[in-house]
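S.K.: Sequence:
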Amino acid sequence: MELASKTDQQLRIVSVQGARIDAAVAIEFKDAMRVETDDGPDVVVLDLSRVEFIDSSGLGAIVAAMKHMGANRKMALAGLTPTVERVFTLTRMDSVFSVFPTLEGALAELRPQ
1 MELASKTDQQ LRIVSVQGAR IDAAVAIEFK DAMRVETDDG PDVVVLDLSR
51 VEFIDSSGLG AIVAAMKHMG ANRKMALAGL TPTVERVFTL TRMDSVFSVF
101 PTLEGALAEL RPQ
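Sequential numbering of the sequence shown, starting at 1, is according to the UniProt record's numbering.
It is worth saying that the hints were derived from the structure and are not from the lab. Here the structure is a predicted model, which means the values were calculated and not measured. Beta carbons are placed, not taken as given, at the ideal position from N, Cα and C, and that holds for glycine. There may be inaccurate statements among the hints.
Distance condition first, Cα-Cα at most 35 Å in a straight line; then the derived DSBU-like pairs of lysine-lysine [as the list claims (entries may be wrong)]:
#: 1; residue 1: Lys67; residue 2: Lys30
#: 2; residue 1: Lys74; residue 2: Lys6
#: 3; residue 1: Lys30; residue 2: Lys6
#: 4; residue 1: Lys6; residue 2: Lys67
#: 5; residue 1: Lys74; residue 2: Lys30
Derived DEER-like restraints, expressed as beta-carbon distance ranges [unchecked claim]:
#: 6; residue 1: Ala24; residue 2: Gln113; range: 18 to 26 Å
#: 7; residue 1: Thr83; residue 2: Asp42; range: 23 to 31 Å
#: 8; residue 1: His68; residue 2: Arg92; range: 16 to 24 Å
#: 9; residue 1: Ala108; residue 2: Ala23; range: 31 to 39 Å
#: 10; residue 1: Phe53; residue 2: Pro112; range: 32 to 40 Å
#: 11; residue 1: Ser98; residue 2: Thr7; range: 27 to 35 Å
#: 12; residue 1: Thr83; residue 2: Ala4; range: 17 to 25 Å
#: 13; residue 1: Pro112; residue 2: Thr91; range: 27 to 35 Å
#: 14; residue 1: Gln113; residue 2: Ser57; range: 33 to 41 Å
#: 15; residue 1: Gln17; residue 2: Met93; range: 17 to 25 Å
Turn these sequences into a full structure, and let the hints guide you.
M.R.: Right under this line is the structure:
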């Protein structure tokens, strides 16, 4: 599972480069997220704009990555495609994460003033 990350002011942006987060890549995704989020800013924006499919394993991997970050840090989601957004809505995970339609919108809202 390929991830790209960069730090923008006091935010870490992690962009998923693949089209699927499913059982086949969930463990690899979780491990890669740990590498990308173990250090750095307290706010991580996970850019899911390229992800077209997510299953329960992928959803669990995202939740595990958030929990691994600890209670004092925050993970927000950006750029959910309609299919991925539906999974978050049906499972009510959209109430656990801050979800933004676009990465730009997430950055505008979450950047320190």
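S.K.: Against this structure, judge whether each hint is valid.
M.R.: Each hint, compared with the structure:
no., hint, result
1, Lys67 / Lys30, "holds, 11 Å"
2, Lys74 / Lys6, "holds, 16 Å"
3, Lys30 / Lys6, "holds, 18 Å"
4, Lys6 / Lys67, "holds, 21 Å"
5, Lys74 / Lys30, "holds, 16 Å"
6, Ala24 / Gln113: 18 to 26 Å, "violated, 41 Å"
7, Thr83 / Asp42: 23 to 31 Å, "holds, 30 Å"
8, His68 / Arg92: 16 to 24 Å, "holds, 21 Å"
9, Ala108 / Ala23: 31 to 39 Å, "holds, 34 Å"
10, Phe53 / Pro112: 32 to 40 Å, "holds, 34 Å"
11, Ser98 / Thr7: 27 to 35 Å, "violated, 19 Å"
12, Thr83 / Ala4: 17 to 25 Å, "holds, 22 Å"
13, Pro112 / Thr91: 27 to 35 Å, "holds, 31 Å"
14, Gln113 / Ser57: 33 to 41 Å, "holds, 38 Å"
15, Gln17 / Met93: 17 to 25 Å, "holds, 22 Å"
Hints 6 and 11, counting from the list given before, are not met by this structure.
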